[in-house]
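The chain contents come next:
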Amino acid sequence: MTTLLILAIVILLGIAVWQLTKIFDLTQIGSASDDAASQIANNKDNKINGYLAFGFLGFIYVFTIFCLYEYGSFPLMDMAAAEHGKDVDNLMWISMILIFIVQTLTQALLHYFAFKYHGKEGQKALFFSDNDKLEALWTIIPVIVLSALILYGMYAWNNIMFVNDEEEVIYVEVYAKQFGWDIRYSGQDNTLGKANVRFIEGINVVGVDMADPNAQDDIMAKELLLPKGKKVVLKMRSQDVLHSAYMPHFRAQMNCVPGMITQFAFTPSITTAEFRQDEATIKKVNNINKLRMERSQALIAKGEEALDPYEFDYLLLCNKICGASHYNMQAKIVVVEEAEFNQWLKDQTTLGQQIAAEKAANAPKVEEVVEPVLEEAENTVDAEAIAQVVKK
Amino acid sequence: MSAIGHEIVNGHDEHDHHEKGNFLTKYVFSLDHKMIAKQYLITGIIMGIIGGAMSIFFRMQIAWPEESFEVFKWFLGERMAPGGVMKNDAYLALVTMHGTIMVFFVLTAGLSGTFSNLLIPLQIGARDMASGFLNMLSYWMFFISAVLMVSSLFVESGPASSGWTIYPPLSALPQAIPGSGTGMTLWLISMAVFIVSSTMGSLNYVATVINLRTKGMSMTRMPLTVWALFVTAIIGIVSFPVLLSAALLLIFDRSFGTSFFLSDIYLAGEVLHYQGGSPVLFEHLFWFLGHPEVYIVILPAMGITSEVIATNARKPIFGYRAMIASILAIAFLSTIVWGHHMFVSGMNPFLGSVFTFTTLLIAIPSAVKAFNYITTIWRGNLQMNPAMLFCIGFVSTFITGGLTGIILGDSTLDINVHDTYFVIAHFHLVMGISALYGMFAGVYHWFPKMFGRMMNKNLGYIHFWVTAVCAYGVFFPMHFIGMAGLPRRYYSNTAFPLFDEFVEVNVLITVFAIIGGLVQFVFLWNFFSSIFFGKKAPQNPWKSNSLEWTTPVEHIHGNWPGELPVVYRWPYDYSKPGFEEDYAPQNMPMREGEEELQH
Chain L
1 MTTLLILAIV ILLGIAVWQL TKIFDLTQIG SASDDAASQI ANNKDNKING YLAFGFLGFI
61 YVFTIFCLYE YGSFPLMDMA AAEHGKDVDN LMWISMILIF IVQTLTQALL HYFAFKYHGK
121 EGQKALFFSD NDKLEALWTI IPVIVLSALI LYGMYAWNNI MFVNDEEEVI YVEVYAKQFG
181 WDIRYSGQDN TLGKANVRFI EGINVVGVDM ADPNAQDDIM AKELLLPKGK KVVLKMRSQD
241 VLHSAYMPHF RAQMNCVPGM ITQFAFTPSI TTAEFRQDEA TIKKVNNINK LRMERSQALI
301 AKGEEALDPY EFDYLLLCNK ICGASHYNMQ AKIVVVEEAE FNQWLKDQTT LGQQIAAEKA
361 ANAPKVEEVV EPVLEEAENT VDAEAIAQVV KK
Chain Y
1 MSAIGHEIVN GHDEHDHHEK GNFLTKYVFS LDHKMIAKQY LITGIIMGII GGAMSIFFRM
61 QIAWPEESFE VFKWFLGERM APGGVMKNDA YLALVTMHGT IMVFFVLTAG LSGTFSNLLI
121 PLQIGARDMA SGFLNMLSYW MFFISAVLMV SSLFVESGPA SSGWTIYPPL SALPQAIPGS
181 GTGMTLWLIS MAVFIVSSTM GSLNYVATVI NLRTKGMSMT RMPLTVWALF VTAIIGIVSF
241 PVLLSAALLL IFDRSFGTSF FLSDIYLAGE VLHYQGGSPV LFEHLFWFLG HPEVYIVILP
301 AMGITSEVIA TNARKPIFGY RAMIASILAI AFLSTIVWGH HMFVSGMNPF LGSVFTFTTL
361 LIAIPSAVKA FNYITTIWRG NLQMNPAMLF CIGFVSTFIT GGLTGIILGD STLDINVHDT
421 YFVIAHFHLV MGISALYGMF AGVYHWFPKM FGRMMNKNLG YIHFWVTAVC AYGVFFPMHF
481 IGMAGLPRRY YSNTAFPLFD EFVEVNVLIT VFAIIGGLVQ FVFLWNFFSS IFFGKKAPQN
541 PWKSNSLEWT TPVEHIHGNW PGELPVVYRW PYDYSKPGFE EDYAPQNMPM REGEEELQH
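Taken in sequence, the protein lines are chains L and Y.
Residues in the first sequence are numbered consecutively from 1, following this note's numbering.
Residues in the second sequence are numbered consecutively from 1, following this note's numbering.
Only chain Y is shown next, with the shape it has when bound in the complex (with noise of 0.2 Å):
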């Protein structure tokens, strides 16, 4: 299969020559795989900042609520908070684009269509992407579907409202709420354009990776990053149709007068004409997207810190073949489990007991992964690089949010937690928190690749720390408040006298997250000025063994400039014995009577 790669990537190789390029064609309708990975991390980085903004402005809402902020009336203006005020349908505004941005538009394709990009093909010794024009429309979709999402802000009736999991009929009926108008629509649109590029994205990375490989690179000698990035794209490739087909069906419900989602509705002193349909069937089909979602968002971190952590540490990863089927048992699992979020929304009881079933298995493969970092750490001679401490955050942040999933997946005791704050805290440190290091790890890891410049170590620090002890500071005390039975997406906890307790904490809870805002601005800082002013990077500076190391510094169409590289090894080979460098790139030959390890 490699030999088949290789022809039609020498193929590009010719035009090599004459890609000079002006600046539309090297800058914006690049089709070079690099150039798309800026891109997307780029426009990642934007909408992290307009959706991490938004949790800010919901927290200080809930910290001190109706109080009138200088802040508010500057970026939410005076429909969503008049005279400085957020109304209670803005504050709902808010959770719902917050939620959107930060799984869709941060993690899903900041994240794994970033590093997807950016490591697939310099990772397995490719020219580029199986089909480069593919991957500059599957950008360029996402790029459109993110300006329709952020247009949905300034509509008359404000963008959706209903959640990110956007359930009907409060979706479905601008009676219900006023965000279920216009605003809603963009949302689908936006959505469904969304998943286009996703689906045409993930299609192009599985052909690149089962196709492009090059001489030697056997699909268990591929870095871990590749194969989370691999599968991924099968998840995504299985999933994401599925919430096209309910997002379509929705906006059948919504303007074409069908009943898909409908029934039996009294709404504003009238009774609606839709009859014979079921919320609970889309609770089903947005699932059976949105629990894999998780894992789209989750595994590519874990291939960024088994990678890094394996790098930084000077030593193999361990397991590898372990960590290689704990990510297809999670793959395989992950579609199968989402009724652990509907155990109470009244399907059959009977599909309880099989979901928290299966929903606990996953945390085999989970733990397995756990232990795994854990060993790789030990012993190990760990070079505390910005993008180690960040998987070293990652291991810590997952499995302090991985365990109370065995309470969620548990349907018996979700019965008590669901959609409190507990859910909350659980979510945001697994898969959001998680999956932000995960892409803070590879941003600093890959920097010298992307850009050929370092990034300012000092920052990095500063960054990692005053973010790691803001992340518990604004997660860890939600398990408790949950615990104690408030609800999430409450504007306001004063309606309830019992929740009066919670003022306090949830002050504490809101200064945190604004100094774990501030500081993300010494990341920005970091990350911008260092694209111009950094240091010069050198081809190789964490001495790795992967094979986009072996590249030049400065980008080059085709990335080799001469004859691709040749695989004679797995990627871990640190601190091999007998070597005198801690590390073994992985175009190095065997050495004569050296042993490939039967990992």
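Next up, chain L with everything else stripped away, as it sits in the complex (with noise of 0.2 Å):
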């Protein structure tokens, strides 16, 4: 009802200011008849205009320093949870500066000048078609600025992309499906299963191929647990449509791509108990507690249930279009130190474990139903032809 009050409101304030200049339209009849110069800017529209243009650079400016004030606290600029996320961060602070004085530069050339040389009667304007050291000048800047950039850039990119394969690494897989995420890890081998969506069945919902004596070791986890200090490489899978791999606290960031394997590696550098204590997380926190507390009383007062309290987690989230509940495609992660990292892979049961234990529970049950999916995924697939694409 409010916004339909707002919309109102609004919707009558045009009216108003219709009016207004019909009324201002009437005044001006007598003065300039028909003519079409009425329509075109005088003196005082000049004049007006111009103080209008230096009036917006000033809208510029506080709308500016509004949003830092109130949305400029930057989270993901600052305490990146993972080790290469300082030289991004660099790069972040070193762009977003430039940009704002580059901004904040051009932004007052262009509105003071359209207020300074706005048209007055008899003023003539200068002819002024072409100055090469002018526009040498403009380009050089850029050039030098931009190569310095793309130079600092590209060497980020290539410390992030490419894993050195000499490297103690862990390799844990991220899978995507509509709309929610499965980790699998690779176990004592450290090394994945082979898998393709043509094997899901049951319990082996990501499509493990148990055949694989790589898989039989791996680990399914609905959270992405990570060891902090250890190169993590997350080898990401997806089962349907595309899906991204969004984990910001770790500036990391990965399509899921049905049909191939994509990967992104990163190093946790800061485990969550640290990242809650840290004071801006805390004040954060707090801050969207409060935020919660003032919506559910207007729930509970609706009768409806109120919110949780908040808890800082990093979070992967599905940053690609994927769906109609592409909204809420998240899951938790967990950075812990290595030592409680390697106690929890301990106690985890394996996959093979695990669908072993199904089969010996409900053995001939199984058996009726497996065979026949079985022989009718032979029958539609050649069965060599998977173990090359999974080999792929």
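Keep in mind that a hint or two might mislead.
Computed from the model, here is a short list of chain L residues facing chain Y with C-beta under 10 Å [stated by the list, open to error]:
1) A53
2) E70
3) S73
4) F128
5) L149
6) R198
7) M210
8) N214
9) Q216
10) V232
11) M236
12) H249
13) T267
14) S269
15) A324
Quick list of simulated restraints, FRET-style, between CB atoms [claimed, not checked]:
16) Y:F143 <-> L:A306: 29 to 39 Å
17) Y:A495 <-> L:V163: 26 to 36 Å
18) L:D78 <-> Y:E156: 46 to 56 Å
19) L:E70 <-> Y:R79: 32 to 42 Å
20) L:L137 <-> Y:F350: 46 to 56 Å
21) Y:L248 <-> L:A360: 45 to 55 Å
22) Y:R79 <-> L:G202: 31 to 41 Å
Think about it this way: if two alpha-carbon atoms lie no more than 20 Å apart in a straight line, the pair counts; the simulated SDA-like pairs of lysine to any residue are [stated by the list, open to error]:
23) Y:K536 <-> L:D35
24) L:K124 <-> Y:K536
25) L:K133 <-> Y:P497
26) L:K133 <-> Y:T25
27) L:K284 <-> Y:P497
28) L:K222 <-> L:K235
29) L:K228 <-> L:N287
Bear in mind the hints are in silico, worked out from the structure with no lab data behind them.
Computed from a predicted structure; not experimentally measured.
Note that CB positions come from ideal geometry on N, CA and C, so glycine has one too.
Starting from two chains that each stand alone, build the complex the way the hints lay out.
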């Protein structure tokens, strides 16, 4: 209702403005009669709009300051939770400051000139059509600045994207589907078993090829648990459509593409517990909880359930349009100390064990169901072809 | 070359006299470029109203998630908004259609279709386009594609909903999202027809500029508008057919079981038969058009701005040759930067470096253009007509939006802001708002030429200033929520407590959007009422140099009643020392001892 009210007010304001101009026009009719010149800017228009241009510069500045004050905490430009994040954040700060300076200066020039040189009767413009030196100047300055940015950017990009094979890394699979995530750890052998969506069946939700010896010790999870200080290579797959694994706190993102394996590697550098104790995080969480409290009160008044209080966690979001519930495709990422991670890994049952257990639990039933399915799979798709695809 | 053009066109001249025409040949299936320009403009405006309204609707959903609105009941109906609450797939449908309509139907056809048709023949001194028939065909193909696109809004399963980039597999599989059913088929057919229309138009523009320039109109005496429209047409010819191929292959995947873009898919409980294709291939094909497309959108706006700023500053455009060089540089670079949309698509990371390099290079000609505009204003005698204000606004938003391109074009930084609201802020300012400003500037400036009447300047001022404030109000805060990690195309942000802080700013943005949307009605009123009731326009209201203002106010077939004008000078002799008037039209012979500038 309030929105309707706001809309109504805005519409009425619009009508008022329109009526005002009508009146303004009517008062001018006598002076300009039916002359088209009345619709061409005169001295007065030039002056008013010159001042307005200057005023608009003020608006841009004030609005920028307002936004910086209200929303300018830049949560993703400091405290990157991954080691490569420092480079990203540095480059981001450099670019942002550069942009800020150029924006402030050029907008000032543009709007100040618009104000200063607004048309006056009898004023003559300067006939100034070319100046090689000036043009060389503002070609060369961007060239130099951009070269520096390009070089720094490429250096950082190469560091991030090319993983050294000899490094000690952990392989983890991030598997996307409408509308959720599955995580697969490579287990003791640190090798992910081959997989293809054609093997999806029962609890084998990501289609691991259980004939592959490397697959036996793979471990499935719903949350992405990572050790601090160890390089993790995330291998990504998708089951159905394009998704994108976006992990903003780690400055990490990569699309999950059906039919191929993509990857992104990073070294977590701050544990979840440490991140929660950071002052900025505490402030942010408190603020969010305050807002949630207010909203909860409103909800309770309406007879609905209150919202849960918020606790900080690293997030894995989907960032590529993937269907109706794209807006709620999330998973939690937890970073812990390495020892804790290793312990957790040890405590898990492997996929091989899980499948064996399930088979044992309902042995006759499974065979009935599985056999025809397997046969069908063999008929429709050449098993070798699958193996080849998986190899690729 | 212009001699040949002369002959062809004189042929036209003769049947000019018996071209009285009935309603059908004059207003509907017209071969006259001026009428076709008006048809493009009005179709573009209607599409703009549809696309703009959609953006207001989905902004309302973001600001007040899952609330019931009366307007949704009226305009979206029970299917998209049962009980006035927008459904989540309806939200995606609106986002998709908003993007498609604004980019292709408003800013491509509405902008370059209108002004290429109107200005190319008039400004180079031609009687009409090289092929009037092709021109008419091009408009009607565009009209059919617009009808198809709008009709997809009414199909049972809803219009295309996989984003205006229609990445498969989402766009290929109706099981993945309802909009990928009939709605998507209509989308693809509509785009195919659109591309045919655009290619016919572009070929015509290029042929006209090359062949039909009047005597004395050398390439380096052409107004920058014509340069921009000419180069735009070339980019269109180079890149649009690639999208056609992508659309056709996608139709094959959807309807005939091929696997160009699909592989290894398990959906709705079953394995699909697709094997061996790659969605990344589609992304390459799409962005090979998609990126040049933003220059197809922005170059005409730049051309219009160059012309209008010089005219209203009463000052030659600064660095005419540098402006041409930067248009050409932008055109060339635009075809080798598409990969910056795909830094995290899974393509070879080495390509990321390459595309970072080429992308950031584009900042150089863009910077040259921005600085040249500012220098043109410096020490001018600025006539603050509404068109001029929109051009100043263009430079302002082009700078603000363009600068953030330095971040998005850098693969390292793109990792974290890719597909967030930061991207929305960037491209809406640099190509959406800027190109719209260019379009408005063009309409205000050439309205007297199109309709023989003047638009109301005071309504124009209100239109501009409210729009300018709202444009910043909508898109500036989006940078901040984008940098905080909020992804685009989210139906609501309530699923993430992390984003609870943005409830307030989203309301602020939406309020600005609603005001900005409503003030466009001032423009619409001004536009349509001025067609009928505007003050009668004089022949050259803005005291401009270019040739279109030497034609009579009443439109005649063939543009000039007698001989074609002969050109003696470049179009920017404003306030030249030694002249009494502050302008010297292109068809004014050089005075004795006067030297033409070697720009």
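Verification of the supplied hints:
no.: 1; hint: A53; result: holds, 6 Å
no.: 2; hint: E70; result: holds, 7 Å
no.: 3; hint: S73; result: holds, 8 Å
no.: 4; hint: F128; result: holds, 7 Å
no.: 5; hint: L149; result: holds, 6 Å
no.: 6; hint: R198; result: holds, 5 Å
no.: 7; hint: M210; result: violated, 17 Å
no.: 8; hint: N214; result: violated, 19 Å
no.: 9; hint: Q216; result: violated, 22 Å
no.: 10; hint: V232; result: violated, 16 Å
no.: 11; hint: M236; result: holds, 8 Å
no.: 12; hint: H249; result: holds, 8 Å
no.: 13; hint: T267; result: violated, 15 Å
no.: 14; hint: S269; result: violated, 16 Å
no.: 15; hint: A324; result: holds, 4 Å
no.: 16; hint: Y:F143 <-> L:A306: 29 to 39 Å; result: violated, 54 Å
no.: 17; hint: Y:A495 <-> L:V163: 26 to 36 Å; result: holds, 32 Å
no.: 18; hint: L:D78 <-> Y:E156: 46 to 56 Å; result: holds, 50 Å
no.: 19; hint: L:E70 <-> Y:R79: 32 to 42 Å; result: holds, 38 Å
no.: 20; hint: L:L137 <-> Y:F350: 46 to 56 Å; result: violated, 34 Å
no.: 21; hint: Y:L248 <-> L:A360: 45 to 55 Å; result: holds, 53 Å
no.: 22; hint: Y:R79 <-> L:G202: 31 to 41 Å; result: holds, 37 Å
no.: 23; hint: Y:K536 <-> L:D35; result: holds, 8 Å
no.: 24; hint: L:K124 <-> Y:K536; result: violated, 28 Å
no.: 25; hint: L:K133 <-> Y:P497; result: violated, 54 Å
no.: 26; hint: L:K133 <-> Y:T25; result: violated, 54 Å
no.: 27; hint: L:K284 <-> Y:P497; result: holds, 11 Å
no.: 28; hint: L:K222 <-> L:K235; result: holds, 15 Å
no.: 29; hint: L:K228 <-> L:N287; result: violated, 28 Å
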